[in-house]
Structures are given as C-alpha cells and as structure tokens.
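*Asks:* If you want the building blocks of each chain, they are given just below.
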Amino acid sequence: MASESNYYYVPESSKLPIFTALGMGLCAYGAGSWVQGHSPMVFLIGAVILAAVLWAWFGAVIRENLAGLYNERVERSFVWGMSWFIFSEVMFFAVFFGALFYVRTIALPELGSPLETELLWKGFEPSWPLHVTPEMAVAGEAAKFKGPREIIDPWHIPLINTIILLSSSVTVHFAHTALKNANRRMFIGWLAVTVLLGAIFLGFQIYEYGEAYRHLGLTLNAGIYGTTFFMLTGFHGAHVTIGTFMLLVQLVRAIKGHFSADNCFGFEASSWYWHFVDVVWVGLFIFVYVLGS
Amino acid sequence: MAHGPAKGIKRWLFTTNHKDIGTLYLWFSFAMFLVGGLFAMIIRAELFQPGMQLVTPEFFNQMTTMHGLVMVFGAIMPAFVGLANWMIPLMIGAPDMALPRMNNLSFWILPFAFLILVATLFMEGGGPNFGWTFYAPLSTTYAPDSVNYFIFAIHLMGASSIMGAINIIATVLNMRAPGMTLMKMPLFVWTWLITAFLLLAVMPVLAGAVTMMLMDINFGTSFFDAAGGGDPVLFQHIFWFFGHPEVYIIILPAFGVISAIIPTFSRKPLFGYSSMVYATAAIAFLSFIVWAHHMFTVGMPLAGELYFMYATMLIAVPTGVKVFNWITTMFRGAISFETPMLFAIAFVILFTIGGFTGLMLAIAPSDIQYHDSYFVVAHFHYVMVAGAVFSGTAAVYYWLPKWCGRMYNETMGKLHFWIAFIGFNIAFFPQHFLGLAGMPRRYADYALQFADWNMVSSIGAFIYGAAQILFLYNVIATIVAGKPVKEAKVWEGAEGLEWTVPTPAPYHTFATPPAVK
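Just so you know, the protein sequences line up as chains A and B, in that order.
Residues 1 to 293, numbered by the numbering used here, are exactly what the first sequence covers, in order.
Residues 1 to 517, numbered by the numbering used here, are exactly what the second sequence covers, in order.
If you're looking for bench data, these hints aren't it; they were derived computationally from the structure.
Misleading hints may appear alongside valid ones.
Unchecked claim - Keeping only pairs whose Cα atoms sit at most 20 Å apart, straight-line, the calculated DMTMM-like set for lysine to aspartate or glutamate is:
#, chain 1, residue 1, chain 2, residue 2
1, A, Lys256, A, Glu64
2, B, Lys414, B, Glu338
3, A, Lys15, A, Glu72
4, B, Lys7, A, Glu12
5, A, Lys180, A, Glu72
6, B, Lys10, A, Glu12
Remember, it's a predicted structure, so these values are computed and weren't measured experimentally.
Could you put the whole structure together from the sequences, leaning on the hints where they help?
*Replies:* The structure is reproduced here in structure tokens:
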C-alpha cells in the first residue's frame, strides 16, 4: 500500500487557474469588441495576462516535476489528459473537413440543380474548384464573392511541405529514440532539426498564402473554395505554429537537461501533438490540394 | 497534502479541492438556474394573454434565446459537473480529481463566459435573438452586433467543458481504488465517463460552428451563404451533430443519479447493472448518428428521412432497458418515499412521457406537423426539466447530508416536490395541446384559440418557479441549521464508497485508496 504522501500529488491551492480564466475572459470579450472595429486593447491585455500566467503555470509544473513530486500515476493522468485533448482537436478539424465534404457532395450539386438554376442562380454550374460562384453567375463582376482565378498547384509547394512535415515526424521520432538510448547529443540534434523543419514548413505556407492573395485571386472571400481552403490550411498552420513552439520549449528544456529516458512527458506530449498535426496535413494534402484541383 | 481549506474568499478563488470546486459549480449552476428561470418567467408572463403586454417582440426573442442558452450551458451542464466533482472521487476512492488546478480553471472560466453572454442584453441592438439553436443566416446575416460576444462566450464554455471532460476521464480511468474494476463502478461514474467522451467529441464541433459564423460575419467567408457556394443547411447539420449528443450529455449523468437513488430507497441492488452500462454506451453511440431528425422539414432526400427516422427510434430500445431496470429495481423492494426518491420516481414517469413524445417526433411524416410547434417545447421540457433538473434536485437532497453533515427538513422537501411536480405538469402538459393545435414556438403573440391553455401553462410555470425559492430556502436552512447527522451511511439502504467516509465528508478523503472487494 502506498504511503499517504506519495500516493498521488494533489497541489496546494493556486492562484494560477483563476488568472488564466481572467486572461481568457478578457481575450474573449476583447476579441468580441475587436472584430466589431473597436480597439484591440482589452484583447491584448488579456493575451498578455494569459501568456504570463501560462508561463508561470508551466514553470510551476516543471519545477514540481524536477522536485520529484510526480509519480507514475500522476504522469498517467497527464498521458490521458494529452491524449483526449488531441482527440478533441481531431474533432475540431473533423468539422471543417465535414464542411468541405458536405459542400462538394451535397450543397454544390443542389445549387446546380434545375430548380435552383431556374429560380435563383441562373446560369450557375457547379464545379470544383469553384471559379464562378452562384452570385457571380448572376451578378458577374459586381459579385461580393468572386471565385479564385487559379488555385494552388499541389505538386509544387504543397508537395514540398508534405515531404518536410512527414520528415519532421520521423526526426522527432529519432529524437525520442535517442533520448530513450540516453544519447543526449543526438536527442538535442534531432529535436533541433524537427523545430527547423516546422519553421521551414511555416515559411513555405506563408509564401503560398502570399502567392494566393497577390496572384491567384484566391482569398478568404473567394467563395466556398477560398473559405474551405483557408480555414482548413489556416487552422492547420496555426496548429503547426503551436506545435513548433511546443517543441522549441522542449528543445530549451532538453538543453537545460530536464529530460531523462524515464522522465520526458513534456517532450513526448509535444511529439504526439506534432504527429497529430502531421496526420492532419496528410488529410489536407489529399482532400484539399490533390483531390481539390 | 494535509493542507486544509484556506480562509475566506481565497478558499474559493484558489482552491484545488474537488469538494470546493463541486460546491462552486453547484452554486453557480443554481444562480444560473434562477437567471434562466427569470427569463422563462418573462416569457410566460408575456404569453399569459394574447396580444403584447409586457415586452417588445424583439426582447421576447432575446428572452427565448437567452433562456435556452443559460439553462443548457449555465444551469444543467455545470450542475452535473458539480456533482461529478463532488461524488466521483468519493465513489471510486480517489484522493481528488486527477488534474486539480485545471479543475479550478474549468470552473472559473464559466463566470466570465456568462458575464459576457448576459452582458449582451445591455448592448446596443440587444442580445442574441436567434434562438438557442442560432441557425444561420438568422445568427449571421441578420444577427445583432452582440453576436460576436456570444460567439466568444460559447468558445469559453466549450473550453471549460473540454477541460472538465478531460479531467473526469483521467480521474475515472486512472484514480480508481485497487479492486474497483470498471464493471464495479457506480453507474453515476459510468454515465459520467461516457458523457465526458461525448463532450470531447462534440464541444469542438460547436466551436467549429461558431468559428464559421464568426468568419462569415466578419471576414467574408461563405460557409453558410449560398451566394458564395455555401449552404445555410450546413449550419443545421453541424449544429445538430453537436446538439443531439448534447442532449445526452445532459441526460446521461441524470440517469446515473437516478440509478443511485432508486436502489437506496428500494433497499435492493440495482436491477441489471451490466445492461445499464451497455445501454448507456449504446445511447451514446446512437446519439452520433441521428442528428438530422431535428431537420425533417429542411428538405432531405426520402432515404435520409427514413434513415434518420428509424435510427432515432432505435434509441428507444436502450432507453427502454433503463426504464425497465429502474422499475424492476423498485419491484418488490421495501420502498420508502423520502424527497430524493419522490423526485426519482417522478423522473422515471415524466422522463418516459418525454421519451414517448420524442418517439412521436421521430416519425418523419408526423414531425412535419409538429415541427417547431409547442409540442416540441413540451417534449424537450419533459426531458430537460422533469428529466435533468428533477434528477439534479434529487441528487442535492440525496447527497446534501453527506456534504454538510446536516439533514434537510423532510416536510419542506416533500412540499417542494409536490409543488414542483404539480406546477411542472400544469406548465408543460397543456403545451402538448397547444402544439398539436398548431401554435408555433418562439412567438410573442398568438391567435385567440390558444388563449386558455397558454394561461394555464403560465400559471403552472409561476408555481414551478415559486417552488425553486422554497428549494433555495430549504438548502440554505439545512446548511446553516439543519439537524446534524453523524452516521457515515446517511440512508440505511445506500451502498458505495461515498457512504464509508465520515459525515460530513472531511476536506480530504481517501488520501490512501481503500481496498475494494
């Protein structure tokens, strides 16, 4: 039977959660007023509070871990927590993929059905990519939603990005193996390579967005094609940014010597997240880029 | 971990204790129940007579919207999370929830979320007025400016729910006492485990829906705009993919509570424990594949209507298993009728009525008649109020002595029950008639032939509302000056680990896990 002190670590009361909630609340209220054209000040204050509290919170967790307060059972709670968090993220992407599939298989054929084209959208022809939106079919150049002139060719930047991201999943795995073999130099090296690959991926993505906006007429307003394209790739890009940041933090911690073969949850959780964004990208590459062109 | 509660307000702001956080959730939920109830009273007061008397139609729309949102997200869901916080660690022999600081965070997000949501009522253009289901384009193209605050408030609630669900799953899967196998867990723990899974699966979908709204409103995307190639019906699909599991998120923990109370007061073990577990899982699974039964009038292909009709009816099977088991548990039991048991029995009867009207609504050809009528309002209030709220009330009476070491006043409890039971039925049973006669929901005014039953319904609603004041008084009176209880096992027929700890439950329990046979 475990003794009272080390069965499970229950932290003392803490100021961290409520200030996190305050930061989130200010961010939410501030974002609501910001999108309506008011000043972003409240949002920014909230964001600063949130960032500061999360810094303190993660710092506290790392200190507690280094102090040996977390036994195997506590770590198992973290493992379950991170796994189910990733599951909820999967569902978040699922809804945007679902919207894409719904539009392509149900909404667009319906908009192009004889009844709709007789009564509402004269001359509209469904196609994918949707260069001519229903509104354009009726109003021409006066339309608010103008479809893209061209779309991104999947076999250039997206293919390169696929190779980059898939490789980064492999390199983070190499880092993990190196850590398990207590090979510190290889661990840090492969982790650094992974972070670098993440950054390169994001660089290409930004370049691609620039091209889309400047030369292709592919924007957020470019009808449902632009909508699904940017929302799916955009949320993925946001997650890659978060994932890269997480791995960067783990890299700093690795250099500081926080990890050992049997105490490396922070790194492992970040790598699971990284594998998750990688899998989402494969879905994007297939369904948005390849099958969307 | 020998630390006791901090002094004063700091105890509640900074706590990591599952009992404190459970208490916070429960009081917050009750406060929101009164706020949402106030909105309901305004609705029923306006509908007391035909014609416009008290409020403008615009404000009426805001009231129906806010009533729904506050009751679903502010009152019922937090009530069961509060019960989960208090009871799950006690029931499985855990020292606390698995992630105590995140537990505190998931609570404290809620006051901010509802502050923002309720504040929209005072903003220029008014609060959300598009119904709690916020269908596009009502909630996008034609929405008041405050819709953006609504969207971010929903995001906050979603974040809170996801964190709460993660915490519950981690607790149940990782913190059970040795010997407490999954199939030995009390049903309340089982139902919450499955509910937490549902929350994780669908709250992100809701987040996606409001994110799409946000983008459509402010950033020129066309998810729900046919002009750009999108589809308003897409919104309904996404919303109900969240919305249907959501109703089981609300009712499954209520099932768990009832499955604890009925055996206690029947002095018999629960009949068919394992079939209860499988029925819960089956309901959860089915909840994902029936969403479009909310959309029979939207123009689906016949095959779709048939599929969603039959799949929906299938839910009656596991639900029937549950009702059968509750009744069979009572069969030949030594039943006594304390307040929790009264609410539990009322739950079984009234929830079954709500289930039957649900079956009627599932029949696609007849749903075309009932759709968006008061019949639907009556149906879901039978499951939400007589289901979830009665169950939550029963839970409070049942566990209150364990929480505070004092017994509530049984006479007042019974009085509360009968006023609530009668008031509820007077309020909502006539709404079936109104709906069948053709009265649409969410209307501020109505034709003269609906006048009589509307007046009856309003009187019932006022009675039900007044009963809650009695409830509040009884709970406070118990906490302050109730008759002290010393026995660990407050109810002689009760089983389970929560009745092995002293009464009132100490601040920390099960620092070392008990052994479970």
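*Asks:* Hints first: check each against the structure and report whether it holds.
*Replies:* Outcome of the hint check:
{"no.": "1", "hint": "A/Lys256 to A/Glu64", "in the structure": "16 Å, holds"}
{"no.": "2", "hint": "B/Lys414 to B/Glu338", "in the structure": "8 Å, holds"}
{"no.": "3", "hint": "A/Lys15 to A/Glu72", "in the structure": "26 Å, violated"}
{"no.": "4", "hint": "B/Lys7 to A/Glu12", "in the structure": "14 Å, holds"}
{"no.": "5", "hint": "A/Lys180 to A/Glu72", "in the structure": "17 Å, holds"}
{"no.": "6", "hint": "B/Lys10 to A/Glu12", "in the structure": "12 Å, holds"}
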